[in-house]
Amino acid sequence: MTLNTKDRNMSADLLTVQGLSIAYGPTAVVHDVSFSVAKGESLALIGESGSGKSTIAKAILRLLPHGEATATGRVALNGQDVLALPEKHFRPLRGRELGFIPQDPASALNPVRTIGAQAHEAAALLGETDPTVRRAKILDVLEQVGLPDPARVYDSYPHQLSGGMLQRVLIALTVLPRPALIVADEPTSALDVTVQKLILDMLTELRRELDISLLLITHDLAIAAERADSLVVLKDGSVQESGPSFEVFASPTTDYARSLQADVPALHPDRYRNQRSTLREAHDGGSRTEAVSSPSPGPQIDVQGVTKRFSAGGKDVLACDGVSFSVDRGRTHALVGESGSGKTTAVRLLLGLEQPDGGDIKVAGQSTSGRSRADVREIRRHLQLVYQNPFTSLDPTWRVGRIVREPLDQFGVGTKAERAQRVREALEAVGLPSEVASRRPAHLSGGQRQRVAIARALVVRPDVVVLDEPTSALDVSVQAGILELLSKLQRELGLTYLFVSHDLALVRQVADSVSVLRRGLVVEDGPVEEIFHRPQHPYTRALLEAIPLASVPAEPTAGKQLAKATA
Amino acid sequence: MTSDYKRFALTRAGQAVVVVLLAYVLTFLVISVLPGDAITNTLRDPQHGLSEEDIQRIVAFYGLDQPVIVQLLLSLGRFLTGELGFSLQSNLPVSQIVGDALPSTLTLATSALLIAIVFAVVIAYGAQYLPGKWAAIVRSIPSFFLSVPNFVIGLVLIEFFAFRLHSFTTTDPNSPVATLFAAITLAIPVSAPLAEVLIASLDHESRQEYALVARSRGLSEAKLFAKHLVKPSALPSVAMVALIVGELLGGSVITETIFGRDGIGTVVQKAVTGEDQPVLQAVVSLSAVVFVAVNLVADLASPLLDPRVKLREKVGA
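As they're listed, the protein sequences go chains D and L.
Take 5 as the starting number for the first sequence in the working numbering and just add one per residue.
Take -8 as the starting number for the second sequence in the working numbering and just add one per residue.
Keep in mind that a hint or two might mislead.
Unchecked claim - Per the computed footprint, the stretches of chain D lying under chain L, defined by three or more beta-carbons under 8 Å from a beta-carbon of chain L, are: (1) 65 to 71; (2) 94 to 101; (3) 111 to 119; (4) 124 to 131.
What the hints assert, rightly or not - Computed list of lysine to aspartate or glutamate pairs in EDC-like fashion (alpha-carbon distance at most 16 Å, straight line): (5) L:K222 x L:D297; (6) D:K92 x L:D56; (7) D:K239 x D:E91; (8) L:K218 x L:D91; (9) L:K261 x L:D91; (10) L:K(-3) x L:D290; (11) D:K492 x D:D479; (12) L:K214 x D:E91; (13) L:K124 x D:E72.
It is worth saying that the hints were derived from the structure and are not from the lab.
Even glycine gets a Cβ: it sits at the ideal position worked out from N, Cα and C.
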């Protein structure tokens, strides 16, 4: 499946991939993939984990591990088959013709060498031998990518810079030798949303200015549609659908592309809304489930003016500065903020993992401060946490049955038979077959693991579940399944959720009310509709603008003009 | 940075002194609780032919008629001023006995350390860059080296190189060639853990994303290795080298015996069999000083080699 031929004839193809298949030993992971990128054009490969998108990127860059992976087919750069070239002839193309921006900026630079020392390697590709000229060029490009103090960055070690700054450095090093094509593998998925937008804007601008083509690898359809001229949708190593972005995005023809599109939170803000309103009706109608024991009139969680100070390196940092929020029973409240906003600290204070310096936390009307450990422990039993990353939050040596049973053992609930029964019920509630109980986490997918983590939280029948970025480590389609499950559980069990996230589009789908946190302060809070339609604080507005495709995607004609302008 | 580093260096040096003092006290206590009154047994041995006056003098010198704690303080005070006492067997000053034996052992241990490092580096880099089958063979060398006892290696080397090939003679154990083979004997088992650490960290570093990104920048394998991989993969080995010094000190006793060299190993052996408490105390304390000093150097070097090491944390630890 190639892009339609009319497009290709309009300008010379820079990169042509024809019938590319890649196998690790006997296991084929990419099957007969074809696409092409015209000069100055950008193309996005979209797919979920395991779709083969990164493998294709590495094959084009010839960075697949030697002897482990075999690539067949044709990858032509300017008409030259790069797969067939001997290493000696391919190496001069690296950096000069083909640039690479990796996924995780924190690990993409050598930790024991300065930025400057590594930048000289990129500058050397220009053929410049005079170190002072090279240094000047490096400082220029560092300034060009928007780094405020290039000389300081030049002398820094990677660990002294933030993730966003490192990604700017990497982009600078990639564009410095003026390659014809940049392959960017999830260049912003490790970054905060506002930083992501700045980086993508900067990359788009540089690309236009320097006439560089882009092959963007991403799992995020919204980013792909916003940033690329054409899309290739991959699933299990095969092309599902391809074509100009606006076409694929506006009217996907395959089921898979349609479901991907349906799972983008920004496009469907009301996806879970209907389910939740039925829940509220059910509540108001008095047909509450028996799980709701004492119908106290006040809020289920009430955090008032909580302050927490950490001292790091002689400096005091206010992680929480008078944070207040409250959540009514059966509702979902979201804490939104970027890294360092204090949302994690707020959660740790609520769970009793840290003690606040000031303020009060009430759970089900009971204050947690000034109580004995045993009392707080009993309160905490009604508060359970589902952690961000199910790949690290489950003990890999334990079987699922034991993982889910652990809180029961901890709190000494019931007899052995009763515990086993409750584990079965919890697994059933999260939609896992009972035989999963005898498996270990390694044999489960990411979505299944997160279901196990949810079952572990539910097994003690809590009133409140704290969801700390519960889907950020998962693919979009898996995320949709988990959110649906959470919404169903809330409806059935009358659970109260505290949903912690940096993703406003997601928050809009699941939450009733929101607190926006920045540097330990609540800058804005209120009902979700209010915040989204009438944001008051500039920071909230910046967060909202950073959502890819916050507005409806550009109409076809505008898209075409854009593509022409860049070509 | 510099004031942080000074603070860190002073803290570490202070800790090192404490460790040496504790080692001294522990050795003293262990020797004094051993069954048998070592010193008086030796003194009363008629073979020594000491007069009652001599014995009284020695008893007074070591404070043998006083409680153990007084003896300890007396001995510790002398140790701190560099006074190591006299051998009970030969009546020679301990400092002279140790001083005579030290150069031979230092030569042996230093050359063994250098050889071990060379072996480890060659093995690790072979494991990384040789083609498949050869790399697998090279990778198994460290476990082979570890499983062969020191004395077997020594005897095989002597049999083969001294008796068959006549590369050296066992009658002149201090000749350069004989020293070389003794050092190889000592180096082989010691190089194994070092090679394993190097192999593991090279494997780790070459799979890091930064290595991939550097490759995408068009670096050749040789340049990638020299500019990116050597330093980070050597960092864990620095601490390992410091630990290895301990093994060298222990291994030298056996190696010196096999090759018939006179060194600290021989001194220790004689002192143990002859219950020569002052000599034993001095040698064990000196070993502790050497071991602690080498580890101190490795500790002080690590923040200079690795910019990520946070000094404040290290001081607090």
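Are there hints from earlier that the structure breaks, and if so, what are their numbers? Those not satisfied are hints 6, 7, 8 and 11.
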